[in-house]
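Number of protein chains: 2
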Amino acid sequence: MPNYKLELEYDGTDYSGWQKQPGLQTVQGKLEEALAGVSTLESPIYAAGRTDAGVHARGQVVNFFAALKPSPGRLAAALNSFLPPDIAVRGCEEVGDGFNARRSALAREYVYYIYRGGYPSPFKRRYAYHFPGNLDTGAMEDALEVVIGTHDFAAFSRRDEGKHSVRKVFEAELRSVEDELCIRVKANAFVWMMMRMLCGSLLEVGRGRWTVADFMQVMEGEDNSLSGPALPPHGLFLERVFY
Amino acid sequence: MPNYKLELEYDGTDYSGWQKQPGLQTVQGKLEEALAGVSTLESPIYAAGRTDAGVHARGQVVNFFAALKPSPGRLAAALNSFLPPDIAVRGCEEVGDGFNARRSALAREYVYYIYRGGYPSPFKRRYAYHFPGNLDTGAMEDALEVVIGTHDFAAFSRRDEGKHSVRKVFEAELRSVEDELCIRVKANAFVWMMMRMLCGSLLEVGRGRWTVADFMQVMEGEDNSLSGPALPPHGLFLERVFY
Numbered sequence: 035m036p037n038y039k040l041e042l043e044y045d046g047t048d049y050s051g052w053q054k055q056p057g058l059q060t061v062q063g064k065l066e067e068a069l070a071g072v073s074t075l076e077s078p079i080y081a082a083g084r085t086d087a088g089v090h091a092r093g094q095v096v097n098f099f100a101a102l103k104p105s106p107g108r109l110a111a112a113l114n115s116f117l118p119p120d121i122a123v124r125g126c127e128e129v130g131d132g133f134n135a136r137r138s139a140l141a142r143e144y145v146y147y148i149y150r151g152g153y154p155s156p157f158k159r160r161y162a163y164h165f166p167g168n169l170d171t172g173a174m175e176d177a178l179e180v181v182i183g184t185h186d187f188a189a190f191s192r193r194d195e196g197k198h199s200v201r202k203v204f205e206a207e208l209r210s211v212e213d214e215l216c217i218r219v220k221a222n223a224f225v226w227m228m229m230r231m232l233c234g235s236l237l238e239v240g241r242g243r244w245t246v247a248d249f250m251q252v253m254e255g256e257d258n259s260l261s262g263p264a265l266p267p268h269g270l271f272l273e274r275v276f277y
Numbered sequence: 035m036p037n038y039k040l041e042l043e044y045d046g047t048d049y050s051g052w053q054k055q056p057g058l059q060t061v062q063g064k065l066e067e068a069l070a071g072v073s074t075l076e077s078p079i080y081a082a083g084r085t086d087a088g089v090h091a092r093g094q095v096v097n098f099f100a101a102l103k104p105s106p107g108r109l110a111a112a113l114n115s116f117l118p119p120d121i122a123v124r125g126c127e128e129v130g131d132g133f134n135a136r137r138s139a140l141a142r143e144y145v146y147y148i149y150r151g152g153y154p155s156p157f158k159r160r161y162a163y164h165f166p167g168n169l170d171t172g173a174m175e176d177a178l179e180v181v182i183g184t185h186d187f188a189a190f191s192r193r194d195e196g197k198h199s200v201r202k203v204f205e206a207e208l209r210s211v212e213d214e215l216c217i218r219v220k221a222n223a224f225v226w227m228m229m230r231m232l233c234g235s236l237l238e239v240g241r242g243r244w245t246v247a248d249f250m251q252v253m254e255g256e257d258n259s260l261s262g263p264a265l266p267p268h269g270l271f272l273e274r275v276f277y
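Chain order of the listed sequences is Z and R.
First residue of the first sequence: 35, per this note's numbering; consecutive thereafter.
First residue of the second sequence: 35, per this note's numbering; consecutive thereafter.
Treat the hints as calculated values from the structure; they're not laboratory data.
Warning: the hint list may mix true and false statements.
A pair counts as met if it fits within one copy or between any two copies, since identical chains are not told apart.
[Unchecked claim] Calculated cross-link-like contacts (lysine-lysine; reagent style DSS-like; alpha-carbon spacing at most 27 angstroms): (1) K64 with K158; (2) K54 with K103; (3) K103 with K158; (4) K54 with K220; (5) K202 with K158; (6) K220 with K158; (7) K220 with K197; (8) K64 with K103; (9) K220 with K103.
Starting from the given sequences, assemble the full structure and let the hints guide the process.
Here you go:
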């Protein structure tokens with residue numbers, strides 16, 4: 035029975051996130067509906083990142099076992115014809131039985147976009163958080179360096195009770211591209227809300243409300259009531275998953 | 035009585051075009067509603083380009099006379115607070131009485147975007163026409179050169195009876211940017227549907243259905259029943275207006 039790996043791109047605006055939930059429109063739900071037109075699912079769909087409501091993906095990776103064995107190219111084309119226009123399969127391959135999109139992933143990369151233009155842009159409103167005020171990007175870069183390495187990210191997460199929140203950040207980078215600020219973080223995994231709370235805390239530094247030392251203290255204090263406010267989901271993209 | 039010039043950006047997806055029409059949602063209608071919260075309009079709103087349903091603008095220019103005299107910065111901020119998120123004022127200034135956004139314009143620049151990726155992109159679906167097939171872009175460039183200069187564009191328009199369709203094209207350029215093809219045309223003015231029919235005809239050349247000579251013959255024949263099919267509105271942007 036073939037194990038298919040899909041790379042997905044989706045505009046999360048109109049979805050209650052990746053994970054299937056009764057009565058809600060979810061990306062997983064739409065993918066299962068599209069698959070029903072092509073083959074029979076013989077396993078759950080495993081996903082590398084359980085993106086929250088409103089979060090986008092340019093490179094979500096999922097896998098599943100299917101009863102029929104269409105070629106990867108035909109499967110991708112068939113799924114794209116059944117999927118709504120805000121979800122697309124951008125790659126499909128058959129992988130070994132041992133591959134699991136979630137457990138086999140070595141790292142995930144998320145990017146948060148902050149749009150800094152003076153007026154609210156109609157073309158960025160769905161894909162970037164609008165913050166027109168001044169920002170000390172040098173201080174933000176210094177704070178972002180603090181997160182690289184292995185840390186307990188309890189301060190920047192709404193973790194489930196009893197689950198640990200130690201994660202390893204491989205890379206963290208701030209880039210200015212035209213009137214956007216892109217915060218890119220690559221880590222072995224992310225705790226729930228980590229990117230949005232981390233970016234909200236970085237914004238406190240950028241606005242001069244916190245020093246880099248304050249940021250470090252909040253992170254090390256592991257108390258999420260001291261975090262900066264979580265930024266809204268629409269600026270966040272699951273960019274890529276590494277295997 | 036002050037004469038205000040506004041530069042507007044809008045996502046045309048959810049509008050029946052610029053021009054106010056009873057019972058329909060239009061950009062002009064939304065702007066008039068927003069203005070009602072700020073001042074009293076003492077003239078019609080004049081626009082440089084009457085964009086059709088679904089067409090976007092990055093640099094539409096309009097003007098109007100108003101009863102009150104807020105500073106341009108305050109007027110822009112107030113309008114942006116009243117306008118829906120898919121319409122934004124990106125610039126505002128007070129201009130002389132003689133300025134008319136439509137009559138004073140020396141040139142308009144439109145850009146048509148063709149997305150050439152192999153799968154339908156969730157992030158481009160509202161802003162580019164998806165054409166995944168092969169295209170001979172060299173031949174398209176040659177055809178595009180033919181339109182530069184003063185011509186009767188009757189073949190590429192659905193003109194109103196009795197109105198003339200001679201226009202002067204100053205610049206016409208094809209550019210490839212990553213997986214997009216951008217067709218940029220700057221002309222003194224455009225006849226109705228001109229960009230979409232011109233780009234649809236260019237696509238016939240790109241697909242090898244027409245030679246450049248065929249394209250030239252259709253254009254010179256001035257018979258719009260021989261034009262390539264008009265491309266859909268969502269790939270078209272009113273980019274800039276020149277004064």
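Check each numbered hint against the structure and report the violated ones by number, ascending. The structure breaks hints 3, 5 and 9; every other hint is satisfied.
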